[in-house]
Amino acid sequence: MNTLSIKWSVILIISLLPFFSVGQTIADVIRFSYQEPGGTARYSATGGSMGAIGPDLSSVNSNPAGIALYRKSEFSFSPSFISTRTTSRLISDRNGSSLSESKLGVNVQNLGMVFTSQPISEKWKQMNFAITLNNLNHFSNTTRFRGTSQGTLLQRFQEIANSDIGLDDFETGIASEAGALYDLNGDGKYDIDYQLSPKALLQREQEIQNTGSLSELAFSLAGNYNEKVSIGLTVGVPFVSYYNVRNYEEVDQVKAPGGVPYFKDLSYREELSTTGGGANAKLGVIVKPQPNIRIGMAVHTPTFFNVSDIYQNELTYNYFENANETGAFLGSEAIAEGSFEYRFKTPWRYFGNVGLVLGKKGFISGEVEYVNYASNRFNYNGFEEAENESNIEIAGRLGQAVAIRMGGEAVISNVYRLRAGLQFYTSPFKDDETSKTILSIGGGRRGEKYFFDVCFRYNQFNEVFFPYLTQNAPLQEVDKAIMKQSLIFTVGSKF
Numbered sequence: 180m181n182t183l184s185i186k187w188s189v190i191l192i193i194s195l196l197p198f199f200s201v202g203q204t205i206a207d208v209i210r211f212s213y214q215e216p217g218g219t220a221r222y223s224a225t226g227g228s229m230g231a232i233g234p235d236l237s238s239v240n241s242n243p244a245g246i247a248l249y250r251k252s253e254f255s256f257s258p259s260f261i262s263t264r265t266t267s268r269l270i271s272d273r274n275g276s277s278l279s280e281s282k283l284g285v286n287v288q289n290l291g292m293v294f295t296s297q298p299i300s301e302k303w304k305q306m307n308f309a310i311t312l313n314n315l316n317h318f319s320n321t322t323r324f325r326g327t328s329q330g331t332l333l334q335r336f337q338e339i340a341n342s343d344i345g346l347d348d349f350e351t352g353i354a355s356e357a358g359a360l361y362d363l364n365g366d367g368k369y370d371i372d373y374q375l376s377p378k379a380l381l382q383r384e385q386e387i388q389n390t391g392s393l394s395e396l397a398f399s400l401a402g403n404y405n406e407k408v409s410i411g412l413t414v415g416v417p418f419v420s421y422y423n424v425r426n427y428e429e430v431d432q433v434k435a436p437g438g439v440p441y442f443k444d445l446s447y448r449e450e451l452s453t454t455g456g457g458a459n460a461k462l463g464v465i466v467k468p469q470p471n472i473r474i475g476m477a478v479h480t481p482t483f484f485n486v487s488d489i490y491q492n493e494l495t496y497n498y499f500e501n502a503n504e505t506g507a508f509l510g511s512e513a514i515a516e517g518s519f520e521y522r523f524k525t526p527w528r529y530f531g532n533v534g535l536v537l538g539k540k541g542f543i544s545g546e547v548e549y550v551n552y553a554s555n556r557f558n559y560n561g562f563e564e565a566e567n568e569s570n571i572e573i574a575g576r577l578g579q580a581v582a583i584r585m586g587g588e589a590v591i592s593n594v595y596r597l598r599a600g601l602q603f604y605t606s607p608f609k610d611d612e613t614s615k616t617i618l619s620i621g622g623g624r625r626g627e628k629y630f631f632d633v634c635f636r637y638n639q640f641n642e643v644f645f646p647y648l649t650q651n652a653p654l655q656e657v658d659k660a661i662m663k664q665s666l667i668f669t670v671g672s673k674f
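Numbered by the numbering used here, the letters in the sequence shown go through residues 180 to 674 in order.
Hint data in this document are derived by calculation from the structure and do not stem from the laboratory.
Be a bit skeptical, because a hint or two may be false.
Below, a list of computed lysine-lysine pairs in the DSBU-like style, where the Cα atoms sit at most 35 angstroms apart [unchecked claim]:
| id | residue 1 | residue 2 |
| --- | --- | --- |
| 1 | K663 | K304 |
| 2 | K628 | K443 |
| 3 | K282 | K539 |
| 4 | K304 | K539 |
| 5 | K615 | K467 |
| 6 | K524 | K282 |
| 7 | K628 | K659 |
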């Protein structure tokens, strides 16, 4: 076994960008900047629309001014159980079947405490401080597909090796080490076994496992001025943890001369571990033109992340001793490892909130969020040309997006509550008219000192992904349907 251990240069990463459609660059961007905020069961059940209503420890996700509306100090804890089911099918295999995978995860949606203070003046009714931990995105899921089609992963490696890039230390280098790429004629052009039978059908299968989350530790200070205006400021410390494993296999099930001469099978394993942390600020205001009407606005600064990636790729290539595939087969394996660090800046986020309090019967609330994902930016610490390439790709592929959240709460016999909500997200990609809708329902009991809430959240959507990308060879397009269900509980006390 050959092992290539390197400190991977950003230049190498970006030099591969022409071979990607939605490559690792865009995947990182969405992972860091796209948010579907979780939180307390109350906040989640109302569709995350409580920015203008408050008081809720998750309202800092949109408008920190809601913290000023607390009258008593409060502690709450919100664990969740998240079930994700993916169903995938290789589109080019018309006779292929769909494969389904399910994954159950446990997560902390919210953990926090707010401390209320006595009036600091006749006009300032409250000055409150909160510490919260909120989940902003959950990455855990498993995807698997199987099918038969033309083309091979080695065509990607061949394209890169025969370009100006040549043999790198990460993909094509290990393909050459494993014997999958070779210079047959000594002319500097690399060959693969598949070109001996370029229309052959290969059975292929891939399993992708994702784990991790994006969460934020937030410190908020908010004041309530004369029951007319609330102002809040939050300093956020978001942190991301992501782990991805991809196991891809190809098998030639047809013996020569009908199959690919020499080739038996290959397996390609990719591992990525990403960790990072950053900082941001949020400023919000809530105005009460009437006692039962609340209008809010908030702005979030970009988050400035410091990120560390660790990669490992492993290729195993098995082939026969002769073209008739009658002799013993040979196997070779190669591994490449790499790590690099970089900085990343997310976009500004803008919020508008509205709430209507229905006396002691409940409330109705709504919220709009605007984000320009094209303003995401990488910083590669001095590699200016590579940095520009990545940021040009971001500006070309991503665009503006809107999130609409609405919900409400009804009071049943004083202490019991029923809630419902809806979230609607447009795509962060340019010229993509797809959208995502999240539905939620819930309820709870809120007493003088203790409260308990529960929420069920559901969403289903479709994605298309490619196990690998090429410029000229057949693309392996996989359709993926995702169903995500969450059960969130909140327990808390007032003091």
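Do the hints match the structure? See the list:
Among the hinted pairs, K663 with K304 is inconsistent with the structure: their alpha-carbon atoms are about 42 angstroms apart, more than 35 angstroms. For the proposed pair K628 and K443, the alpha carbon gap of about 68 angstroms is over 35 angstroms, so the pair is violated. Proposed proximity of K282 and K539 is contradicted: the alpha carbons are some 41 angstroms apart, above 35 angstroms. The straight-line distance between the Cα atoms of K304 and K539 is roughly 21 angstroms, inside the 35 angstroms bound, and the hint therefore holds.
Restraint check: the Cα-Cα separation between K615 and K467 comes to about 32 angstroms, which is no more than 35 angstroms; the hinted pair holds. Between the alpha carbons of K524 and K282 the distance comes to roughly 31 angstroms, so the proposed pair stays at or under 35 angstroms and holds. Proposed proximity of K628 and K659 is contradicted: the alpha carbons are some 46 angstroms apart, above 35 angstroms.
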